[in-house]
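S.K.: Quick note on our numbering: the sequence shown kicks off at 24 and runs consecutively.
Hints are computed from structural coordinates only; laboratory data are not their basis.
Fair warning: there could be bad hints in the mix.
List time: in silico SDA-like cross-link candidates among lysine to any residue, alpha-carbon distance up to 25 Å [what the hints assert, rightly or not]:
(1) Lys-80 / Ala-116
(2) Lys-80 / Glu-28
(3) Lys-80 / Glu-67
(4) Lys-80 / Asp-35
(5) Lys-80 / Tyr-68
(6) Lys-80 / Ile-56
(7) Lys-80 / Leu-29
(8) Lys-80 / Asn-51
(9) Lys-80 / Met-24
(10) Lys-80 / Glu-115
(11) Lys-80 / Gly-91
(12) Lys-80 / Glu-58
(13) Lys-80 / Arg-111
(14) Lys-80 / Gln-48
(15) Lys-80 / Gly-34
(16) Lys-80 / Val-65
(17) Lys-80 / Ile-100
(18) Lys-80 / Phe-37
(19) Lys-80 / Pro-31
(20) Lys-80 / Val-49
(21) Lys-80 / Val-102
(22) Lys-80 / Arg-97
(23) Lys-80 / Ala-119
(24) Lys-80 / Arg-26
(25) Lys-80 / Asn-64
(26) Lys-80 / Glu-50
(27) Lys-80 / Tyr-47
(28) Lys-80 / Phe-106
(29) Lys-80 / Ser-112
(30) Lys-80 / Arg-39
(31) Lys-80 / Ala-30
(32) Lys-80 / Ala-45
(33) Lys-80 / His-90
(34) Lys-80 / Gln-113
(35) Lys-80 / Asp-38
(36) Lys-80 / Gly-117
(37) Lys-80 / Gln-46
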Amino acid sequence: MSRIELAPEVGDDFDRILDHLAQYQVENPALRIREIIEAFNVLEYNPMIGRPANNDKRELVIGHHSHGYVALYRYVIEVDTVFILALRSQQEAGYAGL
Numbered sequence: 024m025s026r027i028e029l030a031p032e033v034g035d036d037f038d039r040i041l042d043h044l045a046q047y048q049v050e051n052p053a054l055r056i057r058e059i060i061e062a063f064n065v066l067e068y069n070p071m072i073g074r075p076a077n078n079d080k081r082e083l084v085i086g087h088h089s090h091g092y093v094a095l096y097r098y099v100i101e102v103d104t105v106f107i108l109a110l111r112s113q114q115e116a117g118y119a120g121l
């Protein structure tokens, strides 16, 4: 079972998502965040499940439409660890800060 670690910048991504949800008065934004975090758990057992991205990174697609997000991550097999690097809405064009 692989270990999962979140980069400190992912906290900023969660803040940005929460701000966006608050702006549109989405009900129960904490539930959305919990669903995203729970989706990361699939990487414990199948770290290569995400679609390939640039520079040995992968993307995990979470949900769809207005509930859709994409997590950018890197799996380091030598330490059996998944590093979540960034998170964005599927509606966003790129990752903040990258």
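S.K.: All the hints need checking, so say for each whether the structure fits it.
M.R.: Outcome of the hint check:
1. Our distance criterion of 25 Å between C-alpha atoms is met by Lys-80 and Ala-116, whose separation comes to about 17 Å.
2. Simply put, Lys-80 and Glu-28 have alpha-carbon atoms about 14 Å apart, close enough for the 25 Å limit, and the pair holds.
3. For the suggested pair Lys-80 and Glu-67, the alpha carbons sit about 16 Å apart, so the restraint of at most 25 Å is met.
4. For the hint pairing Lys-80 with Asp-35, the CA-to-CA distance comes to about 20 Å; that is within 25 Å, so the pair holds.
5. As the CA atoms of Lys-80 and Tyr-68 are separated by approximately 17 Å, the hinted pair is consistent with the 25 Å bound.
6. For the given pair, Lys-80 sits about 22 Å from Ile-56 by alpha-carbon distance, which is consistent with the 25 Å threshold.
7. Of the supplied pair hints, the one linking Lys-80 and Leu-29 holds, its CA atoms being roughly 14 Å apart against a limit of 25 Å.
8. Of the pairs offered as hints, the one joining Lys-80 and Asn-51 is violated, with about 31 Å between alpha carbons and a cut-off of 25 Å exceeded.
9. Under the criterion of a C-alpha separation no larger than 25 Å, the hint pairing Lys-80 with Met-24 is consistent with the structure, at around 19 Å.
10. The straight-line distance between the Cα atoms of Lys-80 and Glu-115 is roughly 18 Å, inside the 25 Å bound, and the hint therefore holds.
11. Our distance criterion of 25 Å between C-alpha atoms is met by Lys-80 and Gly-91, whose separation comes to about 19 Å.
12. With a CA separation close to 22 Å, the supplied pair Lys-80 and Glu-58 stays within the 25 Å bound.
13. Our distance criterion of 25 Å between C-alpha atoms is met by Lys-80 and Arg-111, whose separation comes to about 15 Å.
14. At roughly 33 Å between alpha-carbon atoms, Lys-80 and Gln-48 are farther apart than 25 Å, so this suggested pair is violated.
15. With a CA separation close to 19 Å, the supplied pair Lys-80 and Gly-34 stays within the 25 Å bound.
16. At roughly 16 Å between alpha-carbon atoms, Lys-80 and Val-65 fall within 25 Å of each other, so this suggested pair holds.
17. Taking the CA atoms of Lys-80 and Ile-100, the gap is near 12 Å; set against the 25 Å cutoff, the hint holds.
18. Our distance criterion of 25 Å between C-alpha atoms is met by Lys-80 and Phe-37, whose separation comes to about 20 Å.
19. As the CA atoms of Lys-80 and Pro-31 are separated by approximately 17 Å, the hinted pair is consistent with the 25 Å bound.
20. Between Lys-80 and Val-49 the alpha-carbon distance is near 31 Å, which puts this suggested pair outside the 25 Å criterion.
21. Under the criterion of a C-alpha separation no larger than 25 Å, the hint pairing Lys-80 with Val-102 is consistent with the structure, at around 16 Å.
22. Between Lys-80 and Arg-97 the alpha-carbon distance is near 5 Å, which keeps this suggested pair within the 25 Å criterion.
23. Under the criterion of a C-alpha separation no larger than 25 Å, the hint pairing Lys-80 with Ala-119 is consistent with the structure, at around 16 Å.
24. At most 25 Å may separate the alpha-carbon atoms for a hinted pair to count; Lys-80 and Arg-26 meet this at roughly 16 Å.
25. Pair hint Lys-80 plus Asn-64 holds up; C-alpha atoms about 17 Å apart against a cutoff of 25 Å.
26. The suggested pairing of Lys-80 with Glu-50 is violated, with an alpha-carbon distance near 33 Å, which exceeds 25 Å.
27. For the proposed pair Lys-80 and Tyr-47, the alpha carbon gap of about 32 Å is over 25 Å, so the pair is violated.
28. At most 25 Å may separate the alpha-carbon atoms for a hinted pair to count; Lys-80 and Phe-106 meet this at roughly 10 Å.
29. In summary, the hint linking Lys-80 to Ser-112 is supported, as the alpha carbons are separated by about 18 Å, within the 25 Å threshold.
30. Under the criterion of a C-alpha separation no larger than 25 Å, the hint pairing Lys-80 with Arg-39 is consistent with the structure, at around 22 Å.
31. Taking the CA atoms of Lys-80 and Ala-30, the gap is about 14 Å. The hint holds against a cut of 25 Å.
32. For a cut-off of 25 Å, the pair hint linking Lys-80 to Ala-45 is broken: about 31 Å separates their Cα positions.
33. The straight-line distance between the Cα atoms of Lys-80 and His-90 is roughly 23 Å, inside the 25 Å bound, and the hint therefore holds.
34. Straight-line distance between C-alpha atoms of Lys-80 and Gln-113 comes to about 17 Å, which keeps the hinted pair within the 25 Å bound.
35. Pair hint Lys-80 plus Asp-38 holds up; C-alpha atoms about 23 Å apart against a cutoff of 25 Å.
36. Distance restraint check for Lys-80 and Gly-117: the Cα-Cα separation of roughly 14 Å lies within the 25 Å cut-off, and the hinted pair is therefore satisfied.
37. Note on Lys-80 and Gln-46: the hinted pairing is violated, with a Cα-Cα distance of about 31 Å set against a maximum of 25 Å.
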